[in-house]
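A.B. asks: Protein chains in written order, with our numbering: chain A, 3 to 325; chain B, 59 to 908.
If you are wondering where the hints come from, they were derived from the structure by calculation, not from laboratory data.
Note that the structure is a prediction, hence the values are computed from the model and not measured.
Each residue gets a CB set at the ideal place from its N, CA and C atoms; glycine is no exception.
To give an idea of the chain B side of the interface with chain A (calculated C-beta under 8 Å), a few residues:
#: 1; residue: 688
#: 2; residue: 776
#: 3; residue: 837
#: 4; residue: 842
Computed Cβ-Cβ distance ranges for the label pairs, DEER-style:
#: 5; chain 1: B; residue 1: 82; chain 2: A; residue 2: 305; range: 44 to 50 Å
#: 6; chain 1: B; residue 1: 755; chain 2: A; residue 2: 115; range: 33 to 39 Å
#: 7; chain 1: A; residue 1: 106; chain 2: B; residue 2: 897; range: 27 to 33 Å
#: 8; chain 1: A; residue 1: 106; chain 2: B; residue 2: 86; range: 58 to 64 Å
#: 9; chain 1: B; residue 1: 73; chain 2: A; residue 2: 68; range: 55 to 61 Å
#: 10; chain 1: A; residue 1: 58; chain 2: B; residue 2: 365; range: 58 to 64 Å
#: 11; chain 1: A; residue 1: 217; chain 2: B; residue 2: 458; range: 40 to 46 Å
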Amino acid sequence: MGPTRTATVLNIQRMSTEDGPGLRTTVFLKGCSLQCSWCHNPEAMCMGPQLVWHSSRCIGTRACDIVCPENAITRRDSVVTIDLVRCTSCAKCVEQCPSTAMEILGTVWELDALVAEVAKDRNYFERSGGGVTVSGGEPGLQASFVADFLDRCRALGLGTAVDTAGLISRGALLDLARRSDVVLYDLKEIDSARHACVTGQPNERILGNAIALGELMRSEGWPRALWIRTPLIPGATVTDDNLRGIGAFIAEHLAGVVTRWELCAFNNLAVDKYGRLGLEWPFQGVPLLTEQELRGAENVARSSGVDPGIVVATGRTRVGGES
Amino acid sequence: MATQSAPRPRRNFKEPYGLSPRIGWLRDHYFQGLGRAWNNQFTCWTTGTPWDVVYDELAYYIVPETYAFLQTFRSSALQAARPIPLDADFWKWSLPERRAWLIRKVMVDCVPQELLPGDLVAGARFNILVSRAWTKRESARRDRIVGGARGIRKAVKWFHEHGYGNSGATSGHLIPGHARALGIGWQGIHEQIERAYEALPASDKRGSKGAQLRAMKTAATMPRELAARYATLCRGLASEEADPQRKAELTQMAANLERVPWLPARNFWEALQAMWINHMLIMSDENYPGPGVSFGRMDQYLLPYWERSLAEGMDREFGKEIIKCFWVHANTAYDAMISMGGNQGITAGFGQLISLAGLGPDGRDMTNDLTYAILEVVDEMSPILEPKPNVRLHRGTPEALLDKVVEMIASSQGAPFLLNFDERSMAGMLREAKMAGCEHLINESNVHEYASVGCLENTMVGNDRSGTVDNNLNLLKAVELALTGGCDLVPAIDPVTGVKAPIRRDGARTAQTADFTEWKEFWAAYSEQTRAIVARCVDLYERSEAARAEFSPTPYLSCLVGGCIERGLDITRGGAELSFTTIEAVTFATTVDSLLAVKYLVFDAKKATMVELVQALRDNWEGHETLQAWAKFRAPKYGRDDDSADAMARDVMTLWTEETWRHRTRSTGRQFRPGMLSWNYWVGDGYVLAASADGRPKGRFLSNAICPSNGADINGPTANSNSVGKALGGRAPAAGVSNAGGRGAVSGDWQDFVNMLPNGASHTMTFSPALLRDAEHREKFKAFLRGYCENGGTALQVNVLDVETLKDAQKHPEEYRHLLVRVTGYNAYFTSIGRELQDEIIAREMHQQL
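Using the sequences and the hints given, assemble the complete structure.
C.D. replies: Rendered as structure tokens:
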């Protein structure tokens with residue numbers, strides 16, 4: 003028992019069906035080491051708490067701009083603008099907003115409370131191989147908290163998973179992997195230059211960490227399972243070359259270790275989040291993949307040298323996209 | 059009564075499949091509604107006396123929509139009534155004897171016997187309204203009690219218009235002893251009545267016991283005589299039939315009817331034939347078309363007949379064909395008022411319920427081949443309204459059954475059945491045994507034999523009338539009265555005349571609005587008012603219960619319910635061994651959330667004084683939008699798995715259920731018991747009850763049964779279910795969450811399960827179709843159901859999100875804050891994304907469904 007341990011949590015998603023096996027509670031942590039241009043959880047990118055305004059919830063009491071001690075909030079024609087440079091996330095406006103239109107993204111959770119929170123759904127996990135997934139952002143950026151958290155979960159008999167993009171220190175990654183039934187590991191782009199172009203960082207360390215994970219699994223049996231996830235982003239990752247390259251990498255380094263390779267179709271639901279954060283989204287207006295494109299990507303992945311049985315394509319496709 | 063899951067239209071693209079030409083025709087014919095040449099509309103029959111009454115309004119006091127029409131129904135039924143030639147001694151007999159004789163006379167001699175083409179089960183018309191058989195003096199007294207200036211009808215109207223709810227001794231809502239009637243036949247029942255009668259001392263023979271048993275003897279011969287008529291019909295049709303196969307069927311049906319239901323059934327066809335006649339005559343006897351006249355565990359007590367017939371060479375598909383004919387018959391209950399209702403007269407759910415699968419003795423699972431055969435019938439026939447299946451799940455439910463259940467949910471846009479959860483349900487039944495002192499009738503050794511009535515109301519079988527839906531009480535009224543020191547917050551309005559009632563102190567005299575200084579005082583006032591509204595409901599119920607006991611015997615039904623023969627007492631007089639009446643609490647979550655809001659707004663966050671809050675409610679929140687927003691969005695809510703909010707839910711539950719157990723009917727000695735069904739009242743009474751402290755204005759829906767308020771369950775389905783389980787009492791502390799391995803001494807009602815509602819509680823949840831889209835996700839949904847067994851309530855209705863719901867969410871985003879759109883690695887709240895994307899998602903859902 004050390005001192006009080008805390009983490010900054012973006013969101014706790016219960017009955018999650020998309021973040022690992024079975025039913026899960028997913029804890030999304032703040033802070034990320036990549037800056038993917040398509041990011042679906044842009045509010046998780048920065049580590050600190052961040053104020054947003056939900057226009058659909060606002061009833062116009064004006065309490066927010068009146069109470070703000072930093073004059074960071076302005077309201078014009080029923081539109082609220084937040085000056086994030088001035089905002090100190092003091093949450094006074096949040097306290098004064100009766101309709102929860104003002105929200106601080108990022109809540110500090112203590113370890114004990116977070117463990118108790120995720121344990122509430124243990125009866126839904128047990129029969130389905132489900133459990134807790136720590137995602138983000140990049141959970142590896144708060145690795146020592148996450149390691150303690152996973153230990154506590156395992157002590158309760160809960161299944162554990164970590165969803166990482168891999169750009170963290172190898173020691174931290176292996177620490178988490180030793181406590182995880184499943185690691186969900188992102189391989190977005192096999193070519194390092196292109197990787198840097200779309201995520202802001204080269205991928206050598208990510209690929210090296212993947213190989214190290216495979217070795218850990220072979221030598222120590224941890225994590226119990228390794229899933230690779232590749233987002234299919236139009237104009238970025240969804241090229242035959244990239245999918246063949248990732249497939250070849252898996253076949254060469256992780257054969258027999260990876261039991262699932264998920265191809266996650268691009269979705270456009272994040273656009274409003276960007277609006278709330280005052281950001282431009284380069285993918286605004288980009289259509290979803292057609293069903294044909296998704297199946298095409300799946301076929302390329304299946305013939306890339308991996309065991310075709312591990313390839314799973316998920317996500318929504320364009321309406322009327324089938325020919 | 060069956061739950062109405064949503065007040066808004068739903069689409070259903072599920073189509074029937076694999077039906078034989080026979081069943082296809084019968085089903086299509088049924089859905090022609092008014093276009094049919096044949097129907098089962100009420101026919102009315104009178105003794106011809108000028109004071110006769112054929113329409114008994116008592117059973118309709120729980121349907122407030124009918125209040126304005128009760129007098130019209132009464133006179134039009136009498137006008138339409140045809141005279142029955144009476145026996146010379148008729149008026150010398152006792153009331154139950156007259157009534158039993160009339161019902162038999164009408165069903166055997168007056169109503170025509172008919173058979174639809176291809177039908178394998180005989181027994182067509184059963185919807186009748188028959189003279190109540192009152193003498194002039196009885197009629198006058200009854201009219202005074204019911205319709206007089208201080209009559210029950212006025213009291214019932216007052217109760218509803220002032221927002222308390224509704225109450226009345228209603229029919230149906232029980233599971234008769236079908237297994238016994240099949241096993242010993244009516245001959246056996248008749249003999250039993252005869253023996254009981256002969257054993258009476260001479261004085262009792264002359265008294266009410268003797269009269270009752272003589273009436274029951276008459277009633278017990280009705281099935282034999284009616285079956286004989288149908289046998290003759292089948293023989294006649296067979297002799298004219300050219301098709302050899304149909305000829306053989308008709309000949310066999312005649313043979314069946316010459317044997318059953320008088321003699322014990324020997325095979326599956328005989329059993330279903332007997333059961334249909336036994337069942338439909340209950341609806342004839344009660345003059346009430348079906349609501350809650352339930353079948354119980356059909357897949358258990360019919361199994362020996364099913365197995366015997368299969369062993370003797372019955373084709374399994376032919377067995378299903380007989381079941382399907384039975385299904386079509388059950389739907390004709392809806393014909394009762396076919397030319398009056400919309401939608402071809404095919405209206406809301408009636409709830410002739412069957413219970414399938416579930417636990418047996420020694421923790422054994424009872425799923426069998428007949429369970430699956432019946433589920434196949436449901437799947438192949440649906441959409442179809444009746445009978446309503448209720449599938450019992452428990453920890454040991456086999457994967458194969460769960461697979462079938464989830465597959466059926468996935469293939470229709472909402473489960474074609476309710477799910478009942480044994481562990482929690484049995485806990486409630488055992489609590490009932492303890493509270494009512496009937497542990498010799500309900501205990502560890504037989505509690506698994508429970509089954510559900512109507513849609514989810516748990517009762518025992520064959521000896522139990524629990525009066526489910528007799529009383530529907532708005533718990534919220536107690537919050538209103540506590541705010542004002544016992545007065546209506548706004549004047550009650552007569553819906554017909556629009557006249558406003560003066561405001562008087564109808565509730566308990568508790569503290570004045572301005573006098574509350576701390577939360578404890580308000581809770582004390584709320585407790586006092588809860589006691590007052592329960593007592594008011596009990597007093598009102600007593601009046602219709604006593605009137606029914608005196609004037610409306612059902613001697614045929616009494617033959618089928620254990621206790622009535624032994625005691626020589628009609629079921630309407632409390633003859634059943636287990637004799638309860640249920641208060642179904644309505645507005646539970648609205649009540650809990652309102653209490654949480656009062657505590658938060660006035661005492662904790664101090665957003666308003668009590669006087670200001672009450673003014674806002676009187677103004678229906680108009681001009682108080684900011685305070686309303688604090689109430690709606692910032693006050694804690696039940697349904698989020700928030701332990702402190704759910705503790706309030708548990709306190710509310712403990713209070714009103716304990717209060718309910720304190721009462722019995724004076725006239726019939728029936729114990730009151732608690733439940734939560736709230737049929738469709740949560741919609742209609744939303745227009746009656748004043749604005750509530752949870753932020754709801756008058757005119758918006760109240761919460762449904764035990765469900766969290768619309769839009770409150772922002773933490774998803776598992777949190778919602780956990781809250782429901784906690785509100786019912788949760789799990790006994792000995793089995794704490796932290797220590798799955800070491801469960802110590804168990805102090806729950808059943809093992810460590812606690813359930814304060816023996817009747818059970820209706821819980822409806824809506825899921826996105828994406829959750830059921832493939833085998834992997836269906837496994838996840840199974841995991842949810844397994845978890846629900848441990849953490850959730852007694853019964854669950856699963857709806858699958860459809861386009862209509864999404865469109866409604868666009869219109870009323872505040873009610874759908876919880877609605878998640880799920881995609882890999884990412885979720886978004888539907889209401890927080892832009893209109894264009896919402897439209898795209900709606901278009902996609904339509905695309906997937908077509």
